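Residue numbers (the numbering used here), protein chains in the order written: chain A, 1 to 500; chain B, 1 to 122.
The hints are simulated quantities; they were obtained by calculation from the structure and are not laboratory data.
For clarity, every value in this text was computed on a predicted model and none was experimentally measured.
Idealized CB from N, CA, C, for every residue including glycine.
Take the hints with a grain of salt, since some may be wrong.
[Said to hold, decoys possible] Just a few of them, taken from the derived set where beta-carbon distance is under 10 Å, the chain A residues facing chain B:
| # | residue |
| --- | --- |
| 1 | 23 |
| 2 | 25 |
| 3 | 146 |
[As the list claims (entries may be wrong)] Anything over 10 Å on all C-beta distances counts as not near chain B; from chain A, calculated:
| # | residue |
| --- | --- |
| 4 | 15 |
| 5 | 142 |
| 6 | 153 |
| 7 | 158 |
| 8 | 160 |
| 9 | 163 |
| 10 | 172 |
| 11 | 178 |
| 12 | 186 |
| 13 | 303 |
| 14 | 411 |
Here is what each chain is made of, one letter per residue.
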Amino acid sequence: MIPEHLAVLSIVLYFIGALLIPLLARFARGMSWTLAVATSGGIFILNLAGIGGVLAAGSIRYAVGGWAPPIGIELVLDPLSAFFVLMMSGLACLVLVHSRRLVPEELPGRVTVYYSASLLMLGALTGIVLTGDLFNLYVFLEIAALAGYALLGAGTARAAVATFRYLILGTVGASLYLLGLGFLYLASGTLNMADLSAITDVTGLEPLMVIGLVFIVAGMGLKMALFPLHLWLPDVYASAPSTSTSLIAPLGTKVAAYVLIRILFYVMDPDIIRYELPFTTVLGLLGAVGIIWGSIMAIAQTDLRRMLAYSSIAQIGYIALGIGLGNVHGFIGAILHALNHACMKAGLFLVSGNLRAAGRSQEIAALDHTLQRTMPWTTAGFTLAALSMIGLPPLAGFFSKWYLLLGSWEKSNWIFIIVIVVSSLLNAVYFFRVIERLYLPKGDVKPAKDDPAGAPAVRLDRHFTLVVPVVVIGAGLLLLGLANLAIVRVLIQPMLPEGF
Amino acid sequence: MIELIDGYYAYWFCFLLLTIGLYGMLLKRNLVKKVIGLSVFQSAIILFFIIAAYKDGSTVPVIDPRIGSDQPAAYINPLPHTLMLTAIVVGVATLGVAFALLIRIHGKYRTLDEDQLIERMK
Chain A
1 MIPEHLAVLS IVLYFIGALL IPLLARFARG MSWTLAVATS GGIFILNLAG
51 IGGVLAAGSI RYAVGGWAPP IGIELVLDPL SAFFVLMMSG LACLVLVHSR
101 RLVPEELPGR VTVYYSASLL MLGALTGIVL TGDLFNLYVF LEIAALAGYA
151 LLGAGTARAA VATFRYLILG TVGASLYLLG LGFLYLASGT LNMADLSAIT
201 DVTGLEPLMV IGLVFIVAGM GLKMALFPLH LWLPDVYASA PSTSTSLIAP
251 LGTKVAAYVL IRILFYVMDP DIIRYELPFT TVLGLLGAVG IIWGSIMAIA
301 QTDLRRMLAY SSIAQIGYIA LGIGLGNVHG FIGAILHALN HACMKAGLFL
351 VSGNLRAAGR SQEIAALDHT LQRTMPWTTA GFTLAALSMI GLPPLAGFFS
401 KWYLLLGSWE KSNWIFIIVI VVSSLLNAVY FFRVIERLYL PKGDVKPAKD
451 DPAGAPAVRL DRHFTLVVPV VVIGAGLLLL GLANLAIVRV LIQPMLPEGF
Chain B
1 MIELIDGYYA YWFCFLLLTI GLYGMLLKRN LVKKVIGLSV FQSAIILFFI
51 IAAYKDGSTV PVIDPRIGSD QPAAYINPLP HTLMLTAIVV GVATLGVAFA
101 LLIRIHGKYR TLDEDQLIER MK
């Protein structure tokens, strides 16, 4: 009974969780966290079953409400969407576990609402990935965005200002998507993705559809913070409550990239997109500029979270570059990097959350080697994630960059190769700056003077909810790197679009 | 040139509205005016769908016994209207969140002018 409903279950469960949390809070205080973690953990297990089922028995298509597509709304669990949903639910579960101490500390009195909104956002993000209907995607996009504004703007007034700017730009992005969807609908008369794909196979890409695609790419570019549409991102990430950033930074932008991949390579004919129209060229070039720009700006930052935010812009550039390459290795690189970057960024922002939980400042200059004794697991997690970000084998980050390099090599695209190599060096510059502060004592300080060796240091990351997610992600990065061949063979090869 | 305009007035008007909305969002310094620009922008897209669904000489999509149900061309396509109902709801929700954020900003900084806001945030 369950297998055919796997496509809809995770969305429904998230939304039910979002409704139950405020109801339950009336009877049992402090249950919100437990319920949120239980919901997201359960969904993660369901999605594991889902991806297994999809790989064994093919895609699962679910007609919502029994209305057969193309008239009704369809949810599709295919290798691509199952992969993204699994990644999102796993990371969401870890971040929610981590939020146990931080949310009551940063948002006293609003814990219930906060968890309710975060499950609402996760459900909508899952919906974006799973839906097979263009308009349904818009609705989920706006639900996710509205819940996201609530999460991001909940903290300080500074966060509210940054979120207001994001709201204006994000709504423009979603509206542009809606406008593009209108053009596609006018040209084809359908909103169902599979149906639209079948129609374009017969009619080809009409000029009206090309206009629609331009609007959609622009709108999604805004949502995924593709250079030069990235300006909203750093302020939002740097001022929001730490849990919101850890939740939205790895997932929000990836989902927009997913929509681009889905529409350009699956709904449309990838050959037309790649060879006849300049979509992929533009995406690749903007990605390349974004990589360099984001990395340079990250070096210039003095605040840890702003640095990570700019690094996000650079990493989004990698995904856009992979889409822009438009060959098998580029595609694998983009998907793998979406997964790796989501894990790395979640890990890094969780570390920044641990610093806040320990009452430490986010200024890079304020970090020092005492942290390595008071928060050993946290600094170890940071180091692993940072090394993976730079791209040291055998950590996960190396392999996605390797596939992107292979893809650029195949296309003899020397500019992209130079960009990837230079940006890895720039990554090393801004991450080693932090790692050095964490592990090496400053020259003028005698380390063992008032702090005799062997004395138990005051552990600041004592609570297990703060440590376990960071350690799991750190170990996960190692595992993802070692298992990358299996991931590519088993998970990514089956999702390659037709014609690749 | 004239064939680009003749018969497409509504679309030109619609894209003029889009531009006005974009102008309001990008260049107005007052945050409430930005929200107004946002609203204009969304309304323009809603109008675009409604215009596209309109057919000259056809009637509302409720079955008329004089026409019957076998002549779909005699009715206006109802789907864009239903889609736009959803889009209007989304737009209202967005406005609500935007105003909630503005109340928070005004409560702290006592201004909604962007230049003053940047100065007071330092």
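Violations among the numbered hints: 1, 2, 5, 6, 7, 8, 9, 10, 11 and 12
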